[in-house]
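**Q** Spelled out, the chains give:
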Amino acid sequence: MSYLRNLAKIVRGILDELADQNAYRRFLDAHGRTHSPEAWRQFQDEHWQAKSRRGRCC
Amino acid sequence: MPRTIARIVWAAVALGAALSLGVVAQNQGESVNSTWLVIAAVCTYLIGYRFYAGFIAAKVMALDDRRATPSERLRDGHDFEPTNKWIVFGHHFAAIAGPGPLVGPTLAAQFGYLPGFLWIVVGCVLGGAVQDFVVLFCSIRRDGKSLGQMAREEIGKVGGFTALITVLLIMVILLAVIGLVVVNTLKGSPWGTFTIAATIPTAIFMGLYLRFWRPGKVLEASLIGFVLIMAGIFGGQMVSESPTLAPWFTFSGLTLCFALIIYGFFASALPVWLLLAPRDYLSTFVKLGVVVMLGVGIVFLRPELQMPPFTRFVDGTGPIFAGKIFPFCFITIACGAVSGFHALISSGTTPKLLARERNARGVGYGSMLLESFVAVMALVAAASLQPGVFFAVNSPAGIVGTTPAAAVATITNWGFPVSTTEMATLAQGVGEQSLFYRTGGAPSLALGMARIFVQTGGGQAFMAFWYHFAIMFEVLFILTTLDAGTRVGRFMLQDLLGHVSPKLGQTSWMPGMLATSAVVVAAWGYFLYQGVLDPLGGINSLWPLFGIANQLLAAVALCVGTTILIKMHGSKYMWITCAPLVWLVVVCFTAGWQKIFSPLPALGFLAQADLLAAGPQGPTTAALVFNARLDAAVTGVFLFLVALILIDSIRVWAGILGGSRPRTTTETPFIPTKLAEEL
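For the record, the sequence lines run as chains A and B. When we follow our numbering, the leftmost residue of the first sequence carries the number 1, and every step to the right adds one. When we follow our numbering, the leftmost residue of the second sequence carries the number 1001, and every step to the right adds one.
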């Protein structure tokens, strides 16, 4: 049972990472803010500004 | 596990690999079940991971979990953050998985399934995965520096600058060739075109949803987006069956080419949150879902391979692309075995997230093994089609004949029987008017995937749905790379131009942004346009060009890796990166030389230009002659740039090994970790 719980936790963690939820949490922590539409928009702008500079795989 | 049991288990795995490879290689004249390929691949990966990667990790890199990684030392809450190894694995795999490992192996199936399969597995275990692992390790030991920075610091300024230019040029060719795959997939297909067109408003809706209505709810928005694109597939069916609407979504290759160029410009210039970001989320989830579905489908359904192990086209007379099995099988497979682009990811976000040094083995080496397995699945899907159908879909009219009757006659004469009735029934079954001349690999892969999916759900009645689902997956995936790649190309160009005029380097300055977007789009758009005009289908010219470029970038990454290994251990372990480097250099330079100078017009760009110039002059002849010469020049530039890095690297290696150059390395000093436990 604990194995399945761990597996579900990992899958959820990967989905959160791919959906930028982990990065957003770190952004909120770093800026000492709580979630709000403005905070998300600021995160989105900063995060994608950096992300869209990175090379894309073929 | 007790030592004896472990030895027995690993001996069984090794035996499994040897036995399956034996069955796959010895099978002549009758079809082979794909299970043998899956077992051979998985057992080889396990051996490679356990022993070869284990040896590199322990003896060569001396990975040490007591050493603090950049994610801990430079933790900033943004880029640098210690992260669970499985999450980093998922992140890294999603970042390295592009359309290449799906398209390359499909095209390489023209040689038969065996050469491609062997290279995908062996090339990955000894080359591609080693490259990804070594570059990741080098970056971790250097504060997460990029490949370009490491090239500059470890080899020299020439190496660093050349790496930057090489990446920019490769990006242009990559975007053109994947654009061509999209054009050849959607031309004359109202169903496919509508489905893909519907993804644009879907992505914009998701962008607005995430920005204004439900900020931060990415998984929720992605789920809605997925429902909408599925609705788009059903909508596409209705459009294709409507005599009024179908013509609105039926386009020629040239029209689609211009539509794609205009789309690329807007995708690069629009705010990132509106189109690129939501499409990227959606594409990532669909990509991972389909890869899992395909893997499960192949493992449970175990399709028989219809393609022979070798075809007559190993002699270089193939209809999809010209050139002999050596070097063109290796160039064509590209990312499924070795990908230079992975070095950019391995020295990008991933090293900034790894919490423990030893996780680099699973993430760097392991992710590439999984990517290679995706390539094996694509090869299985393509090789499970009847060879006659495979060649009818993938061969250009310029080779097999401009009418379906001529095409089937040519292909049947090659020894791969196929009839116009069979092709018509197949096209009707997937809701298309015709499946002839759809070069690029995507439609034949979609056919193979649909045949596998159809057995898992819905039966033959759902063949058309699964075909268009597979098309949607491939094109969505490719368009995301196209959007993002154009933007990356624009930033790289702005970085370069910023040295000439600081204003042009400002990414927030609208005229500069629009101008550089236009330049990048025009660059790949031109190559796309020439691919569409090409009577041989375009793939024959552009895919080898892309393959050569990608493998040359891998050569650059392996030069950096070799330099660092020499600085660490002298010549003792340099063979680990040097062996794949030598192979890639031989393959790429042979392929490049043949593409430029071969006297065969189907293969050599210059011979093709001379033949066209001497023949009857049509309205596009002058453009075709110029394009062939341009392709020759671009290939020459690639070879020259990499030769430059190679010579620079050899000079550095000789200096270090000869004692005339100090072994100075930029590796960061050991700092003990303070992370208490595994995340």
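Check before you lean on any hint, since a few could be wrong.
What the hints assert, rightly or not - Straight-line alpha carbon distances no greater than 20 angstroms define the calculated EDC-like cross-link-like pairs of lysine to aspartate or glutamate that follow:
(1) A:K51 - B:E1081
(2) A:K51 - B:E1153
(3) A:K9 - B:E1220
(4) B:K1503 - A:D29
(5) B:K1217 - A:D29
(6) A:K51 - B:D1076
(7) B:K1567 - B:E1153
(8) B:K1217 - A:E38
(9) B:K1217 - A:D16
(10) B:K1567 - A:D29
(11) A:K9 - B:E1081
(12) A:K51 - B:D1648
(13) A:K51 - B:E1667
(14) B:K1567 - B:E1667
To be verified - Which residues of chain A face chain B? A partial, calculated answer using Cβ under 7 angstroms:
(15) G13
(16) E17
(17) L28
(18) D29
(19) W40
(20) C58
To be verified - Far from chain A, by Cβ distances over 12 angstroms, these chain B residues were calculated:
(21) G1207
(22) E1220
(23) M1238
The hints are simulated quantities; they were obtained by calculation from the structure and are not laboratory data. Glycine is no exception: its CB is placed at the ideal position from the N, C-alpha and C atoms.
**Q** Each of the hints needs a verdict: does it hold here or not?
**A** Results for each hint:
1. A:K51 - B:E1081: Holds, because 16 angstroms separates the two Cα atoms, which is no more than 20 angstroms.
2. A:K51 - B:E1153: This hinted pair is violated, its Cα atoms lying about 24 angstroms apart.
3. A:K9 - B:E1220: 18 angstroms, holds
4. B:K1503 - A:D29: 35 angstroms, violated
5. B:K1217 - A:D29: Distance of about 18 angstroms is within 20 angstroms: holds.
6. A:K51 - B:D1076: 16 angstroms, holds
7. B:K1567 - B:E1153: 12 angstroms, holds
8. B:K1217 - A:E38: 14 angstroms, holds
9. B:K1217 - A:D16: 10 angstroms, holds
10. B:K1567 - A:D29: Violated. K1567 of chain B to D29 of chain A sits at ~40 angstroms, over the 20 angstroms cutoff.
11. A:K9 - B:E1081: 19 angstroms, holds
12. A:K51 - B:D1648: 31 angstroms, violated
13. A:K51 - B:E1667: 26 angstroms, violated
14. B:K1567 - B:E1667: This hinted pair holds, its Cα atoms lying about 10 angstroms apart.
15. G13: 5 angstroms, holds
16. E17: 5 angstroms, holds
17. L28: 9 angstroms, violated
18. D29: Where the cut-off is 7 angstroms and the nearest Cβ of chain B is about 6 angstroms from D29 of chain A, the hint holds.
19. W40: 4 angstroms, holds
20. C58: 4 angstroms, holds
21. G1207: 10 angstroms, violated
22. E1220: Violated: least Cβ distance 9 angstroms, not greater than 12 angstroms.
23. M1238: 32 angstroms, holds
In this structure, the earlier hints numbered 2, 4, 10, 12, 13, 17, 21, 22 are contradicted, and the remaining ones agree with it.
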